[in-house]
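A.B. asks: Based on the hints, put chains B, C, D and E in the right spot on chain A.
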Amino acid sequence: MTDRRRINGPVGATFPPVFVYEGEDAVKETKKTRSRPPNAIRKMYLKTGVTPSASGSAYLEIETSAKGSGSGLKLSCTVHGPRSLPRSTPFSPHIILSTHVKYAPFATRQRRGYLRDSTERDLGTHLETALRGAIIADRWPKSGVDIIISIIEGDQDRESSKAEGDESWDMMNALSGCITVASAALADAGIDCVDTVAGGVAALVRNAADDSVSNIVIDPVPSEHEKILAACCIAYLPTRDEVTNLWFKGDLGASDMELYTSLVEKGIQASKYANRVLVECLGETVG
Amino acid sequence: MPLDTSSYSLALLRVDGRRWNELRRINAQIRTQAAADGSSYLEMGHTKVMCVVTGPSEPFGPARVGRTGAGAGATAGASGGEAGVVVSIVVAGFSSVDRKRRGRGDKRIQELQSTISSALAASLHTHLFPHSTISISLHVLSQDGSLLAALINAATLACVDAGIPMTDYVAACTAGSTSTYAANDESADPLLDLNHQEEQELPGLTVATLGDSDRVAVLVCESRVQVSRLEGMLAVGVDGCKQVRAILDRVVRDKGRKMVQEGTVQKGVGLEDMEVD
Amino acid sequence: MPREAEPSLNEKQFVIQALQSNLRLDGRKFDQYRPLEVSFGEQYGVVEVKLGKTRILAKASAEVTVPYVDRPLDGIFTIATELSPMASPAFEVNRPTETEVLLSRLLEKTVRRSGALDTESLCLVAGQKCWHVRVDVHILSHDGDLIDAACFATVASLRHFRKPDTSIENGVLTVYTPAEREPVPLGWLHSPFCVTWSFYGDEGEIAVLDATWLEEAVRVGSCTISLNRHGEICQIAKLGGTPVEALSLLQCTSIALVRVKEFSALLDKKLAEDAKRRDRGGLLAELSAENDR
Amino acid sequence: MSSQHVLLSPAELSYLHASLSLQPLPLRPDGRSPTQFRPLVAETGILPGTNGSARICFADGTEAIVGVKAEVERTVQPFTQDTQTTQDEGETPAEDERRKEEVGGSDWVEMTVEIPGYRDDDPTTVFLGQMLQEALLADGEFTKRLRINGRFHWKIYLDILLISPPLSYPLPLLSLTTHLALLSARLPRLKSEGDEDPLFDDDWAASTYVYPRDNNKKDGKDGNNKVVARPPVTLLVMAVGNNIIFDPAREELAVADVALAVSVGEETTTTTTQTGGDDDVDMEEGSTPGKRRLRLLSVRTIDPPSRLTPPGVPNATNTAYTAPTGTAEAKTQDGARTLETERVEGVWKAPRGGAKVMVMAALVAKVLEKGGVADEVLDGLEAVDLG
Amino acid sequence: MAQPTMAIPGQLLGPASKYQPGPGTHIHEANLYSSLLGTVNVTQPPKAPAPVKRLNKIVPVAAPTPAELPTISVSFSAKSKREVLPEVNNIVLCRVLRITPRQAVVAILICGETVLEAEWQGLIRVQDVRATEKDRVKIYESFRPGDIVRAEVISLGDQANYYLSTAKNELGVIMATSEAGNTMIPISWKEYRDPETGISELRKVAKPY
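Chains as they are written, first to last, in full-length UniProt numbering: chain A, 1 to 287; chain B, 1 to 277; chain C, 1 to 293; chain D, 1 to 387; chain E, 1 to 209.
Just so you know, the hints here were simulated from the structure itself, not pulled from any lab data. Do not take every clue at face value.
Claimed, not checked - Result set (DSS-like, lysine-lysine): computed pairs, CA atoms no more than 27 Å apart in a straight line:
(1) Lys107/B with Lys59/C
(2) Lys100/B with Lys144/D
(3) Lys29/C with Lys50/C
(4) Lys155/D with Lys100/B
Unchecked claim - Some chain A residues near chain D, calculated using beta-carbon distances under 10 Å:
(5) Gly133
(6) Ser168
(7) Asp195
(8) Cys232
(9) Arg240
(10) Asp256
(11) Val264
Claimed, not checked - To spell it out: a stretch of chain A is covered by chain D in this simulated footprint if at least three of its residues, at any positions, have a beta carbon under 8 Å from a beta carbon of chain D; those stretches are:
(12) 81 to 95
(13) 107 to 121
All values reported here derive from a predicted model rather than from experimental measurement. Cβ coordinates follow ideal geometry from the N, Cα and C atoms, glycine included.
Next up, chain A with everything else stripped away, as it sits in the complex (with noise of 0.2 Å):
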């Protein structure tokens, strides 16, 4: 699939310059450490109709994990309808939902194209059924809601983080973001939902190369941990107590059934947190 709507930019990567430091303690300080404690999540700012012309809309900000070059997650989202389905689509008694996660073309480190890539498509089915669970999809018959998300900054430190696998934790961070900025568009757009649904993560680090103990953090950012061994990101609705979307990654012995179950319960308190947030900033919409 190639864009051939627009002038793209040459093909093959660039990296943008990096230079080396002076001494040695300009190279160590650059190391992140999570200075956070590991049941507590980033700040994050949230704010509903921000785009007039959606029939809802909302804004999310989660700052910036560490002073410097790093950058937070910027979400953007837009909720468009409920509308009429186009003539060809067949009957539904139920809303249709349809998902677009797009990631903006700056928004990471790698140029992103103006199509989506796979990736941008497997986060919309993720979010497609975290949502799914949550609204009341048959107070709306035959119709159709789009639901546009744009990363307009995608949480991912220019400098560090080389290493592979990075870019696939990032997606959980940013699902987990996508899922609570719905949700507040959601709501602002008067769509029925039985529950607020948040997202949240947790993950199990290791935090030196050599060091054989693993603890698990909520809402991790990979550039502050050496290695993550797995994380799962949760869709939650607390009032229900139940899970609309759980996706876990990474690797764990069949015999480490306390680490996922409790992996889960912290991706779950981290959904709670996210959630509060979420509460609130509908309270003052309606306020």
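C.D. replies: Same frame as chain A, but now just chains B, C, D and E:
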């Protein structure tokens, strides 16, 4: 030119050791898949294709073939009075020596789809199934020349398996000539059933005929060749088609006999011992 | 997607019965073409071909680009066909119909794959610079036999076309404007033409050349044969349809060769006429003599 | 697979849901036990033109073919801070080398999924592809095998073809087929040494398996060489009521409360201290002489199509059943869709909300338990003749 | 029980045994929850809900008749632009897009009191135009493209259209333009007249309020 044609004139043997009028080994099976209305698997040498036929069914059935746009194949005779024949070809990435992925929008694939669709539509009794669709899905697993011929043969077998009434088999094979277009020698021999290497180096054509007749349903020639060569190649090709038809017929009959033996189907009462189930 | 209105049953039957009694609606013989008109534009490479009511405009152009990585010694040659809604409401922009795909494949096979244009002569600096010759074929109106007309237009426009002259000195490539140096024709090897037969009758026993739109709508099969005047087949495409006796296909081919020789002569004549028209006062001869020096 | 509608009436759905949530054992439409898989036919090495290939045919007729193709590719070495400052940091070259050894790029594997009737970029297709790829890359073991030397690596192309129309959610089928194709995949033997341009042995008989086999330990039972490591498998498991059901058919999935795709790998290390209890279980199983230790690689929630099923109308609110009284009319003026009802026995209502955490945990635990379904599936796959 | 003034989705509103669910709420495990972001309203039931019509069928009677409970609803208040969907029995205003002998295709513009954001398509079939002499109705004598029609939703219809009816006195064309392009005035139950040219045209005229 890696293909040494000089050795041919000495021993009259081709690169893979065949004589000029020899087909490669054709191995075919029908009813390979329980879920499909009709299915087949066909090997012509190292060219391997699978075919699954769905239908005749309501257009845009549960699988919604064709609705998605890119998934749509070529359609023939879609107008209300008769069944449309929709062909979609998937060329597996691992089918050729170098992995090459062809999108579904590839024009060559679309041409193949349209050729197969209209070749079969002429033989199938589509007027018996108005307002319906016969969808033929072909998978290319391995390519070694004579691709179009293999696809047509596999599609024919699968349609037989699906029990769609047809005039006769549409059997296909390729034919070539030992002379290149530049050389104007009169001693050029026609060749039957080209493999990939021969297809690259020598002029050739694909012929599909209807049943045992000399009537040509498909004739595709994509290389430059002297007009005088055509007659020879065509004659060999048509003859090859008859051989292929006999092979396909045997496959169908063997399967039918087996099914009668197993008691899957009742033996019919016919003029011959066994008719197509 | 709007569909083309199909001819009514009466019309269909009328056409077929007429053909069965050896008659065509416009009074032509079965193997007769409609009058073929060719006119060249002011620019090099612009050709308009009229075959009855079928009108086709082809325009050749060239630009300097980077050659494909796997073919560093070859230039790039593409043929773009566009069937706009102007020709028929059944055509939509940006959504190629089957007709369009088959047309572009046939042109591709006839002109490009048969090596009519010497792509090696388009190479300027191996692996770095080459000419990209592009022919845009626009169907202005569609009254049958698009393929033959489009192929004629493509070949005519390529033979009419002149690309800017270039020179390489000390590794510096210079492309001259037409004012500096007279543009040069493309390296042309042979001129292939398409001849399309339409078949009628249950066994395809009636074969007709240059079918009109109405005739095309009722045919049971077709076969496009591309040849050059040296009697070389460039491609044959009988893509399905009602089966036709092998012998009659051979016959069709030999008639096609006659037609192709006529086409070839016609194009040569037209090109010569056009060259004469442009060459008032023998300016061209003078210029080329200058270039030789 | 939201677009894949199941055309079942509310009454059928309600019946299915009720029979599948029966205690103690669910009643499945095809009479299988809750953990039983559909019978399947599998073969490997069907395509000589590929590095490895496999075909699996389920009893219901769904069929998939996977081909593995490998190409040598130059390893991209980004100009990074590391390469510049290693010496300054005092890290030993050996250490640096070790790190490089470990790393394999996730882009060394390219996976494409073809499902008839679906576009390549259809969310369903992408989701399936990502899920399979995620499981394969999760432990980072696979890409390590693809390393040739410091400058080159194998690029693996996995083409997954679903031959039949997708009758049921094709995930387990595709995963099992991919598993077998990878097991049968072989790469030419490397003849060159060090970081020079790679040269390979032309003799295919000398080629090595991507997943190496232990030649010393002959598995007497099926005559196969014992495979030391195995690629992951992804299983589809769903819950209806309090029942956990494996390998659901399409109509079973249509009433699922929750469906999970669980990817399971096998631990590669052979010498680990084990508790006595574990040993006992293994002995009882008796099918595998070695000890299999499962690893959980990924879990994904599959959007159950049950949420898109048409609801039934209980008699209480059916205007055709009750008399349209004046008050009822007044109520419907407010809007018919605001009619909220409690669940009525025997009337199907599409589930809302998500699933309880406990249910999800139970699903995963059921997959991973010793001698559980994952074990069984891996045993079954081991019996497939790897030609 | 004191009700909160505002609610967010998933907020507990009260037990289902005490309240009737209104718009913007849903029942989960015998409790009423909000499903919208908005303000909470509790409406007491009308005092004596005497049946207007005689019951002609036996209705299963629940212990407390639902109508006796106060209705609790959440109305989306933040903005007025919340989308609503046409529902069965709603009165809608629509514009006629095109007519065929069998039906008139309309675009629904206003549903109840709300102007719709999105465009929903409706269909008035020939048998739904009026209540009497249905077999003699001709669409072109009832509607013309461009007319503004008041109609009632009778069904959610098929995938594309809502089915509408004008088979009541107060339903039908409320605004029409003559062929000369002038706004016409209704003169009878089936005629509109152009005030300038004086020519009258046939319509299914809505009875003015």
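A.B. asks: Does each hint fit the structure? Answer for all of them.
C.D. replies: Against the structure, the hints come out as follows:
1. With a C-alpha separation of about 22 Å, the suggested pair Lys107/B and Lys59/C falls inside the 27 Å cut-off, and the hint holds.
2. A distance of roughly 25 Å separates the Cα atoms of Lys100/B and Lys144/D; the hinted pair therefore holds under the 27 Å criterion.
3. Among the hinted pairs, Lys29/C with Lys50/C is consistent with the structure: their alpha-carbon atoms are about 19 Å apart, no more than 27 Å.
4. Of the pairs offered as hints, the one joining Lys155/D and Lys100/B holds, with about 13 Å between alpha carbons and a cut-off of 27 Å not exceeded.
5. With a cut of 10 Å, the hint placing Gly133/A at the interface with chain D holds, because the nearest CB-to-CB distance is about 4 Å.
6. Nearest Cβ of chain D to the Cβ of Ser168/A: about 7 Å, under the 10 Å cut. The hint holds.
7. The restraint placing Asp195/A at the interface with chain D holds, with a minimum CB-CB distance near 7 Å, inside the 10 Å limit.
8. Checking Cys232/A against chain D: minimum C-beta separation of about 7 Å stays under 10 Å; hint holds.
9. Interface restraint check for Arg240/A: the shortest CB-CB distance to chain D comes to about 5 Å, inside 10 Å, so the restraint holds.
10. Taking 10 Å as the C-beta contact cut-off toward chain D, the hint placing Asp256/A at the interface holds, the least distance being around 8 Å.
11. Nearest Cβ of chain D to the Cβ of Val264/A: about 6 Å, under the 10 Å cut. The hint holds.
12. With a threshold of 8 Å between beta carbons, the proposed coverage of the stretch 81 to 95 of chain A by chain D holds, since 4 of its residues qualify and at least three are required.
13. With 4 residues having a beta carbon nearer than 8 Å to a beta carbon of chain D, the stretch 107 to 121 of chain A meets the requirement of three or more and the stated coverage holds.
Checked against the numbered hints given earlier, this structure breaks none of them.
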